[in-house]
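Novice: Chain by chain, the residues:
There are 2 protein chains.
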Amino acid sequence: MNKKYRVGVDLGGTNIAVGVIDENYNIIGRGKLKTNVPRPAEEIMADIVKAVKMAVLDAGISLDEVESIGIGTPGNVNKEKGVIEYANNLYFNQVPAVELINKLVDAKVYLENDANCAALGEAIAGVGKGRKLFIAVTLGTGVGGGVILGGKILTGTKGAAGEIGHMTVEYDEEETCNCGTKGCLEQYASATGIVRLAKKQMVETSALAKIDNLTAKDVFDEAKAGDAYALQIVDRFARYLGVALGNVAQIIDPEAFVIGGGVARAGSIITESIEKYYNDSVMFALRGKQFNLAELGNDAGIYGAVRMVL
Amino acid sequence: MNKKYRVGVDLGGTNIAVGVIDENYNIIGRGKLKTNVPRPAEEIMADIVKAVKMAVLDAGISLDEVESIGIGTPGNVNKEKGVIEYANNLYFNQVPAVELINKLVDAKVYLENDANCAALGEAIAGVGKGRKLFIAVTLGTGVGGGVILGGKILTGTKGAAGEIGHMTVEYDEEETCNCGTKGCLEQYASATGIVRLAKKQMVETSALAKIDNLTAKDVFDEAKAGDAYALQIVDRFARYLGVALGNVAQIIDPEAFVIGGGVARAGSIITESIEKYYNDSVMFALRGKQFNLAELGNDAGIYGAVRMVL
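Protein chains in written order, with our numbering: chain A, 101 to 410; chain B, 101 to 410.
Hint data in this document are derived by calculation from the structure and do not stem from the laboratory.
Note that the coordinates shown come from a computational prediction; the quantities given were computed from them, not determined experimentally.
Treat the hints with care, since some could be wrong.
Identical chains blur together in the list; that is why a pair holds if it fits in one copy or across any two.
[Unchecked claim] The list that follows gives simulated cross-link-like pairs (lysine-lysine, DSSO-like), each with its CA atoms no further than 27 Å apart: (1) LYS232 with LYS258; (2) LYS153 with LYS252; (3) LYS317 with LYS299; (4) LYS376 with LYS258; (5) LYS232 with LYS376; (6) LYS103 with LYS153; (7) LYS181 with LYS232; (8) LYS376 with LYS150; (9) LYS153 with LYS299; (10) LYS252 with LYS203; (11) LYS181 with LYS104.
Please build the complete structure, drawing on both the sequences and the hints.
Specialist: Rendered as structure tokens:
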């Protein structure tokens with residue numbers, strides 16, 4: 101049978117999202133399941149295959165027609181061995197993902213870091229289209245990043261390049277980040293980090309104090325509504341992120357930054373608040389870079405995961 | 101006449117150092133003059149040509165045999181226009197260097213950032229030889245950096261990539277850096293930065309308090325001799341630099357770091373003190389990178405400047 105379809109899997113801390121892509125780069129079928137962490141890696145891998153089968157069914161094709169499955173996963177990936185070395189958000193440690201999936205389905209399976217996939221997705225089909233050198237930042241449960249260089253992901257020596265979320269931005273942090281160190285960008289600029297910041301020194305008169313199960317969205321919504329404390333939290337978020345991206349620019353000098361992930365749905369308040377701190381922190385030659393919101397939303401990861409198998 | 105020799109110029113805040121390179125990559129002649137800043141760019145360019153002539157004479161060749169002159173300069177370079185856009189240490193602003201030199205000598209003239217040249221020099225002939233992806237840091241009057249990727253310099257969109265010295269490492273700095281922003285790595289990890297740190301809260305009982313015209317070398321010497329205050333300064337230097345290089349690693353994931361420049365002559369105290377803070381600040385996958393002292397010393401800049409014209 102003609103194996104002409106490719107499948108992209110965006111494996112996240114919350115969802116497993118799958119897309120079947122045709123030869124013209126359209127998503128022609130989708131599948132989605134909850135990740136439900138923590139649970140054994142074998143179960144999650146089995147659910148990836150299940151979600152792939154759902155997407156194949158949705159596309160009206162046969163599993164035999166699938167040439168390859170590209171998986172974007174959080175954490176650190178050993179591509180040669182097909183192993184997810186560790187992924188804190190998934191509670192994974194040395195998971196032989198390719199082997200586990202190949203026990204269940206006969207297709208080429210490839211791994212890549214999820215933030216890299218999102219970056220690559222935006223490079224192929226989204227706001228980064230046509231750009232040669234840009235930085236994609238994903239503000240979700242964690243903070244991911246990807247460096248796109250000459251249209252490709254910079255993976256680095258051990259596949260850990262682009263891990264912007266674990267840049268140290270605060271020397272005085274007392275709480276430990278998921279990665280084991282302290283003061284990482286992710287502790288201030290992820291959805292969880294923003295909530296953590298807000299709860300830490302909550303001002304009782306703030307609208308935020310009255311919200312149960314506070315989310316990052318609440319913080320941005322109340323900031324837009326003019327709540328002084330929410331504005332303060334957004335300002336702290338923006339300072340950490342803006343200066344960190346300034347430091348990225350000092351090293352890479354990219355054409356632009358693309359900001360995606362759930363937090364970025366707050367819209368232009370994100371890019372506008374970052375830009376000020378960014379421009380204040382960088383050398384003259386690096387000022388005035390473009391900050392774009394990602395265009396593809398959740399599909400960026402699927403597109404990027406597919407792309408890597410080309 | 102057969103133009104078979106290339107010339108590399110390392111233009112620094114203190115010296116203009118020139119080397120003539122033969123086909124086998126040997127330096128066969130040298131010239132050196134003081135830069136003597138501040139003075140008009142035209143004079144400095146004329147002295148570059150003078151130092152080139154000295155090197156040509158030293159090599160026993162003729163100026164007509166020089167095919168190209170590569171110049172490594174501090175600051176930001178527009179290669180297409182042949183302009184040094186600005187270089188704080190040289191008091192340069194929009195200097196049409198290629199044009200000025202070509203008025204005096206008939207050879208192809210190329211510009212590159214000096215730290216990039218030093219990085220490339222180490223990549224070709226020094227400790228970085230054979231490495232594909234590494235970071236070179238130059239601790240001199242300022243702090244320069246270069247990212248070597250696939251054996252080439254990463255220049256970035258506007259030639260400002262690798263400017264590690266102007267990464268923001270301190271939010272609370274009150275003094276302004278040469279670049280116009282505050283809290284740059286250069287303010288703590290350059291020779292001048294180290295002296296500034298030492299003088300700021302000088303402890304009268306320290307051996308450093310007794311030294312006139314304190315230098316960075318004095319600080320490292322007294323630290324090696326066990327002076328408590330000098331050790332404290334070295335520790336602060338190491339923290340800023342170690343965490344900054346950790347942040348570079350989070351983005352690039354290089355094979356190794358190469359530390360050069362005048363400050364690096366202090367030896368292994370530099371790499372050892374940095375490594376601790378580096379390893380404490382990065383993700384697990386990035387720990388244990390090699391920190392090497394540069395091997396070529398002042399010649400790295402000459403080699404790198406020549407290389408870029410190949």
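Novice: Now look at each hint and say whether the structure bears it out.
Specialist: Each hint, compared with the structure:
1. Within a single copy, LYS232 and LYS258 get their C-alpha atoms as close as 23 Å, and across copies as close as 13 Å, so both meet the 27 Å cut-off.
2. Taking identical chains as interchangeable, the C-alpha atoms of LYS153 and LYS252 are never at most 27 Å apart, the minima being 29 Å within one chain and 44 Å between chains.
3. Within a single copy, LYS317 and LYS299 get their C-alpha atoms as close as 14 Å, which meets the 27 Å cut-off; across copies the closest is 47 Å, which misses it.
4. For a Cα distance limit of 27 Å, the shortest separation of LYS376 from LYS258 across copies, 20 Å, qualifies, whereas the shortest one inside one copy, 34 Å, does not.
5. Taking the closest pair of Cα atoms, LYS232 and LYS376 come within 27 Å of each other only inside a single copy of the chain (25 Å); across copies the shortest separation is 36 Å, beyond that limit.
6. Proximity of LYS103 and LYS153 under a CA criterion of 27 Å is satisfied intra-copy only: 15 Å inside one chain copy versus 66 Å between copies.
7. Within a single copy, LYS181 and LYS232 get their C-alpha atoms only as close as 29 Å, which misses the 27 Å cut-off; across copies the closest is 22 Å, which meets it.
8. Taking the shortest alpha-carbon separations for LYS376 and LYS150, neither the intra-copy value of 45 Å nor the inter-copy value of 46 Å comes in at or below 27 Å.
9. When the C-alpha separation of LYS153 and LYS299 is checked against a cutoff of 27 Å, the pair qualifies neither within a copy, at 42 Å, nor between copies, at 68 Å.
10. Taking the shortest Cα distances, LYS252 and LYS203 never come within 27 Å of each other, neither inside one copy (30 Å) nor across copies (42 Å).
11. Proximity of LYS181 to LYS104 under the C-alpha cut-off of 27 Å is restricted to the intra-copy arrangement: shortest distance 25 Å within a copy versus 48 Å between copies.
In summary, the numbered hints that this structure violates are 2, 8, 9, 10.
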